[in-house]
Amino acid sequence: QVQLVESGGGLVQAGGSLRLSCAAAGSTIRLDPMGWYRQAPGKERDLVASISNTGSTYYTDSVKGRFTISRDNAKNTVYIQMNNLKPEDTAVYYCNTVVTYRRWTWGQGTQVTVSS
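Quick note on our numbering: the sequence shown kicks off at 50 and runs consecutively.
Be a bit skeptical, because a hint or two may be false.
To be verified - Each pair of labels, with its calculated beta carbon distance range:
| no. | residue 1 | residue 2 | range |
| --- | --- | --- | --- |
| 1 | ALA74 | ASN102 | 16 to 24 Å |
| 2 | SER76 | ASN133 | 33 to 41 Å |
| 3 | ALA123 | GLN50 | 16 to 24 Å |
Claimed, not checked - Derived lysine-lysine pairs resembling DSBU-like cross-links, with alpha carbons at most 35 Å apart:
| no. | residue 1 | residue 2 |
| --- | --- | --- |
| 4 | LYS113 | LYS135 |
| 5 | LYS92 | LYS113 |
| 6 | LYS113 | LYS124 |
| 7 | LYS135 | LYS124 |
| 8 | LYS92 | LYS135 |
| 9 | LYS92 | LYS124 |
Honestly, the hints are just simulated from the structure, not real lab data. Think of the CB as a built atom: it goes at the ideal place given N, C-alpha and C, for glycine as much as any other residue.
Could you put together the complete structure from these sequences and hints?
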């Protein structure tokens, strides 16, 4: 079982930037396609971006050109750089594998709050 710990969230003004980290422990994630998800109050948890084990990336339309997902397999860590943040990006951000049947227990997430 992999344990996931997200960090790097905070309060930022619109137009600002944050870099989130997702550290995995217990097993290597280097072969797993990984994703960043977010959940706003009263809404479902949605996939924001993903990265394959070979580095191919996917972004949901609302973050294209603003967010960049990356991974460091040596550190067993996945990152997401978020630029030009908007109030609608406010949510708790989580990471996990995008392979549904392999999904691990969700971490505590990291809160991102963007003020207008």
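Each hint, compared with the structure:
no., hint, result
1, ALA74 <-> ASN102: 16 to 24 Å, "18 Å, holds"
2, SER76 <-> ASN133: 33 to 41 Å, "35 Å, holds"
3, ALA123 <-> GLN50: 16 to 24 Å, "21 Å, holds"
4, LYS113 <-> LYS135, "13 Å, holds"
5, LYS92 <-> LYS113, "21 Å, holds"
6, LYS113 <-> LYS124, "26 Å, holds"
7, LYS135 <-> LYS124, "30 Å, holds"
8, LYS92 <-> LYS135, "17 Å, holds"
9, LYS92 <-> LYS124, "32 Å, holds"
In terms of the numbered hints stated before, the structure departs from none.
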